[in-house]
Amino acid sequence: MDIAIALSPHSAIPLHRQLYEELRRAILSGRLLPQQRLPSTRELAKSLGVSRTTVTLGYEQLLSEGYLKTIIGSGTFVCAQIPDDLLQSTPTEAGEKAAHFPISLSQYGEQLAQTDLSLQAEPQAEISFRYGRPACDRFPLELWRKLLARYCRTDYQWLDYAFDPLGYLPLREAIALYLGRSRAVQCNSDQILLTNGTQQALYLISRLLLNTGDAIALEDPGYLSARRIFSSQGANIFPIPVDESGLRVAQLIDKPVKLVYVTPSHQFPTGAILSLPRRLELLAWAQQTGALIIEDDYDSEYRYGERPIPALQGLAITDSVLYIGTFSKVLFPSLRIGYLVLPKSLVSIFARAKWLSDRQLPSLEQRVLADFIAEGHLERHLRQMRSHYNQLRQVLVEALKRYFGDRATILGENAGIHLMVRLHFNLSDDEILQRAAKVGVGLLSAQSHYFSIAEPGQFIFGYSELTQTQIQTGIRRLAMALEEIN
Numbered sequence: 001m002d003i004a005i006a007l008s009p010h011s012a013i014p015l016h017r018q019l020y021e022e023l024r025r026a027i028l029s030g031r032l033l034p035q036q037r038l039p040s041t042r043e044l045a046k047s048l049g050v051s052r053t054t055v056t057l058g059y060e061q062l063l064s065e066g067y068l069k070t071i072i073g074s075g076t077f078v079c080a081q082i083p084d085d086l087l088q089s090t091p092t093e094a095g096e097k098a099a100h101f102p103i104s105l106s107q108y109g110e111q112l113a114q115t116d117l118s119l120q121a122e123p124q125a126e127i128s129f130r131y132g133r134p135a136c137d138r139f140p141l142e143l144w145r146k147l148l149a150r151y152c153r154t155d156y157q158w159l160d161y162a163f164d165p166l167g168y169l170p171l172r173e174a175i176a177l178y179l180g181r182s183r184a185v186q187c188n189s190d191q192i193l194l195t196n197g198t199q200q201a202l203y204l205i206s207r208l209l210l211n212t213g214d215a216i217a218l219e220d221p222g223y224l225s226a227r228r229i230f231s232s233q234g235a236n237i238f239p240i241p242v243d244e245s246g247l248r249v250a251q252l253i254d255k256p257v258k259l260v261y262v263t264p265s266h267q268f269p270t271g272a273i274l275s276l277p278r279r280l281e282l283l284a285w286a287q288q289t290g291a292l293i294i295e296d297d298y299d300s301e302y303r304y305g306e307r308p309i310p311a312l313q314g315l316a317i318t319d320s321v322l323y324i325g326t327f328s329k330v331l332f333p334s335l336r337i338g339y340l341v342l343p344k345s346l347v348s349i350f351a352r353a354k355w356l357s358d359r360q361l362p363s364l365e366q367r368v369l370a371d372f373i374a375e376g377h378l379e380r381h382l383r384q385m386r387s388h389y390n391q392l393r394q395v396l397v398e399a400l401k402r403y404f405g406d407r408a409t410i411l412g413e414n415a416g417i418h419l420m421v422r423l424h425f426n427l428s429d430d431e432i433l434q435r436a437a438k439v440g441v442g443l444l445s446a447q448s449h450y451f452s453i454a455e456p457g458q459f460i461f462g463y464s465e466l467t468q469t470q471i472q473t474g475i476r477r478l479a480m481a482l483e484e485i486n
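Its first residue numbered 1, the sequence shown is counted upward by one per residue in the UniProt record's numbering.
Check before you lean on any hint, since a few could be wrong.
[Claimed, not checked] Restricting the straight-line Cα-Cα distance to at most 20 Å, the calculated cross-link-like pairs of lysine to any residue (SDA-like) are:
(1) Lys255 to Asp243
(2) Lys69 to Gln36
(3) Lys258 to Asn236
(4) Lys255 to Phe451
(5) Lys255 to Gly213
(6) Lys146 to His381
(7) Lys69 to His16
(8) Lys146 to Leu159
(9) Lys255 to Ser231
(10) Lys146 to Phe451
(11) Lys258 to Asn196
(12) Lys258 to Ser231
(13) Lys401 to Asn390
(14) Lys258 to Phe238
(15) Lys401 to Gln391
(16) Lys69 to Tyr108
(17) Lys46 to Glu21
(18) Lys438 to Gln124
(19) Lys146 to Tyr156
(20) Lys258 to Thr318
(21) Lys46 to Arg17
(22) Lys255 to Ser452
(23) Lys69 to Pro83
[Said to hold, decoys possible] Just the calculated beta-carbon pair ranges, DEER-fashion:
(24) Glu244 to Arg150: 19 to 27 Å
(25) Pro34 to Cys152: 51 to 59 Å
(26) Gly213 to Ser104: 16 to 24 Å
(27) Trp355 to Ile410: 22 to 30 Å
(28) Arg248 to Ile317: 18 to 26 Å
Hints are computed from structural coordinates only; laboratory data are not their basis.
Even for Gly, the Cβ is constructed at its ideal location relative to N, Cα and C.
All chains should be built: construct the whole structure from the sequences, respecting the hints.
And the structure:
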């Protein structure tokens, strides 16, 4: 082989690596041509004065990377096309008559492309009244760690695939018992489908029960993510107004709707509780029309001063209610475990859809949560958090009354981990948000949760992540900032 190869026995680089680099450079520079035959390992080792093993290791590396090839009975050759050529290839120029075929979306894809998924930016401020997150710093982390260790030390089954499309049976059994005690939900474990949070439950409902053009009734104002999911399915949405007693059921009478989505235990975002007479009216309407009710019970665990009204599902005498719950609000957001309580006739088809779209939830977290509920830790934690949030709620209500007086109307103050407040100032929502930001206070307007332009001055005040001092300071700063311009 007429090519100079320089190897240094004094270099820190191993000899076989030096040989590899020398041969690779020779191939790339053209000193070794495509299809050119290389000496045998014995010949090259003798020529360079090195061991045959050194040459063999160098050749093997070049073979594995596609620079050399071996032909049995003939020897080792440089490949006709080396890897670097492939990386530097240029796209083929289209001819004059080359056709352009755009990628065609499905009907669902086209509808999704037209759905507004823009999110309202969360306030980044010294004191942020953002909502929806529990106080994670009060979660019993050490207890959760011990429950995790219980399985990590001794159990290997959670590493395997899951074969129950409904989810981990002991967890479904624990949820069924818990719902029966706390919410008067009537179900057994075979009616519970474990989901990746509330969002997946709503997505499965929309895919299985709605065709393009089907009608669904939603609360106005209401949960924005639910509206987006149903809109992406091409549903025809009827907004139904909400007042201090919840959904105005009478306005459903002449609507040819297939489904109605409600948050009866703590209407989002107004905080209204669907009264018992309206619950019974809604159930009677569903029974007469054959419509289904989607009951999103997202934070019913937090109710202060009054006994909770039983869930719609527990009051229904027919299979007219699909009940949704989640642990993200009561434990911690990254625990993406929710559940859907289904009429028995729908269990099979929902299990099939879940199995195809999302084979299983994390098995370890399901096992730990099952123990967390069955051993009483969940209800103990909820009692502690209910007391904590109640104190924060009282501080927020008192601060609003003290600093705003009759210039603030509080809605739905006896439940949940947020309040909706109407501020009576002759200002737009943007002006209020800007003034608040200047004094280090972050707010979120309720405007995006309405179907049409709403009365200005409505804001959602989350308080679960704040201290009592932060709440008092934030409301005082906000009041001062708004008073300065009125």
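| query | Where does the structure disagree with the numbered hints, that is, which hint numbers, in rising order? | reply | 10, 11, 16, 24 and 27
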